[in-house]
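Novice: Put chain B on the given structure of chain A with help from the hints.
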Amino acid sequence: MSSTAYAHIRNNPQFARLVSTRGRFAWFLSAIVFVVFFSFVMAVAFAPDFLAQRPFAGSNVTIGILAGLFQFVVFWVLTLVYVRRANGEFDDLNKAIIDAASREGK
Amino acid sequence: MMRALTWMRSLALSASLVSVSAFAGDAISQTTKQPINFTAIGMFILFVLMTLGITYWAASRTKSTADFYTAGGGISGAQNGLAIAGDYMSAATLLGLTAMMYTRGVDAYIYMIAFFVGWPVILFLMAERLRNLGKFTFADITAYRLNQGKVRTMAAASSLVVVCFYLVAQMVGAGQLIKLLFGLDYGVALVLVGALMMVYVTFGGMVATTWVQIIKACMLLFGGTTVVLLALSQFDFSFEVLTSRAISVHSLGEKLLAPGSLLADPVTAISLGLGLMFGTAGLPHILMRFFTVTDAKEARKSVLYASGIVAYFFNVVALMGLAAIIIVGQNPEYFEGGAIGGAIIGGGNMVAMHLAKAVGGDILLGFLSAVAFATILAVVAGLALAGASAISHDIYSRVIMKGQASEKAELRMSKIATIGLGIVAVLLGLAFEKMNVAFMVALAFGVAASANFPVLILSMYWKGLTTRGALAGGYIGLFSATALVVLSKSVWVDVFGYAEALFPYTQPALFSMPLAFLSAIVVSNLDSSRDAAAEREAFGDQYVRAQTGLGAATAASH
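Protein sequence lines, in the order shown, are assigned to chains A and B.
The opening position of the first sequence corresponds to residue 0 in numbering that gives the first Met the number 0, with each subsequent residue numbered one higher.
The opening position of the second sequence corresponds to residue 0 in numbering that gives the first Met the number 0, with each subsequent residue numbered one higher.
Calculated directly from the structure, the hints in this document are not laboratory data.
Where hints are given, some of them may not hold.
[Unchecked claim] List time: in silico PhoX-like cross-link candidates among lysine-lysine, alpha-carbon distance up to 20 Å: (1) 296(B) x 94(A); (2) 414(B) x 149(B); (3) 94(A) x 300(B); (4) 401(B) x 149(B); (5) 62(B) x 414(B); (6) 134(B) x 401(B).
[Said to hold, decoys possible] Some chain B residues flagged as far from chain A (calculated, every beta-carbon gap over 12 Å): (7) 115; (8) 156; (9) 330; (10) 339; (11) 359; (12) 418; (13) 419; (14) 517; (15) 522; (16) 548.
Just so it is clear, CB atoms sit at the ideal spot from N, CA and C, and this is done for glycine as well.
So that you can see chain A by itself, here it is in the shape it has in the complex:
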């Protein structure tokens, strides 16, 4: 791929928008995963008694089990959210940028 096409894309304001929006979105979702997971790890290390509590009367379900299940579900939902937006909105924008570059190249 020619360097001029790359240079053209670099100067396209839409490219800057794609990169910053998608990048922010990806880091935001990663931050959620990091914060939730490492808070959980800290709770395991420093507050195991809290995780052992049973919030529902007459049920064996502990906060630890709920927190685990919550992470499996929420982290997977986050991947779904990212894939939908990246494969839809971001890829449309991406396609527009590449098309503009190839038109320019002709």
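Specialist: Below, chain B alone, put in the same frame as chain A:
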């Protein structure tokens, strides 16, 4: 007294399990040979015939190097997702984590979350750039704008270290497991695994390896789901009934459902979390899977499917472990000498197999045994392919021949490399038969997180990375991770027999990974050579390609 004894035994057992199943690899502890199991062997032969048929079909589609390394880039997101999940759900997941849940309760569930949490992060930060920049190996990305020869040599060396240690752990695990499940000799089992793996990879390349992995993943999901449904039917599908009964009979009692001592030390917990999260993102056979799909869209979808399947399967395994506490743990049939609470027949890792027999008889036991064998075979094939591509694509084609090798010569070299790796794997498996190889998986993840991951992520995200910086980071990560594992309890005490470990933790990632990042960054910043300036300059074009996929290697047309 009896209770105390049971407790001590479960503690000793779980201590060995923690080290064994701590990582996705399969280091199954020493086992005793069982009588030959004909149902299991019959089902396994069926699996082998089916996969050999696929290999025959795949061989006709494996003509170019692109076909061999990445199935021509024509795998769909859903297929690749299943294959990635297959790579990740090893025999240790099925056997080790079920056994861990059986002895430790919720602690095992925490472990599973740590195994799972790397996937969303790989998707958000890596999947699309990997697909857009890579062609056959992850060294294509790290060497993209850096010195090809030096950086590829480094990346290939650490890939091979990861692959070899992982292979040894798999082979020793395979030998032990097969001895146990099928009643075959350890040596026979190794040669069988090695030979089948060579056939799959040399003839069928990535096409066959992927389909073997997909079939195995489906078998594993089907087997696990069947066992768990049959088991739960004994408790009216009620979590309360299941847990109440498990609590009433388990030596941990109420503590079964609360975090225990497993991750009580925060340094170990964080180091393990980092090692699993970023080690996964540095395993060559996992990274390679991102090059098998058509484009970034499909790469993202593969992670979505893979993480969904892995999350589902971990929860199935957790329920299997809980159900086994009552169904296996209260049945004298499954204990040596019929003493409930004593040693489990075949060792602690057999809990899942006993559960299958208890709820589904010999047929289900045979099926699950065949699945376990298939799992090992598929993972070994994936590893061999990743190792062979590091040898033929990176070292032979790019470093030695400087890109001048013909496609035919490179393809021939990749097949020779596969056969070589197969022989090495069998020999190493024989040499390490009597050793506890759990540390090798720790080493594989540690090296992947410390040598592969930092340089890979920096090369994709940081303009300032230069050849010297990449080499410093890669080699320092490789050596520090290896050294810390050697000085830790698992090698220094368990292998060399010294009284006291020099490095007090089992996972090196918390220390070696930052060290690798730091050295790569510092050395790059100090690098004022002319090459370095050109390398920083080249980041601009690489960045556009990483973000847009423009110029990315596309699927070969068939």
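Novice: If a hint holds in the structure, say so; if it doesn't, say that too.
Specialist: Going through the hints against the structure:
no., hint, in the structure
1, 296(B) x 94(A), "12 Å, holds"
2, 414(B) x 149(B), "24 Å, violated"
3, 94(A) x 300(B), "18 Å, holds"
4, 401(B) x 149(B), "12 Å, holds"
5, 62(B) x 414(B), "12 Å, holds"
6, 134(B) x 401(B), "17 Å, holds"
7, 115, "6 Å, violated"
8, 156, "30 Å, holds"
9, 330, "23 Å, holds"
10, 339, "23 Å, holds"
11, 359, "26 Å, holds"
12, 418, "37 Å, holds"
13, 419, "36 Å, holds"
14, 517, "20 Å, holds"
15, 522, "26 Å, holds"
16, 548, "7 Å, violated"
In this structure, the earlier hints numbered 2, 7, 16 are contradicted, and the remaining ones agree with it.
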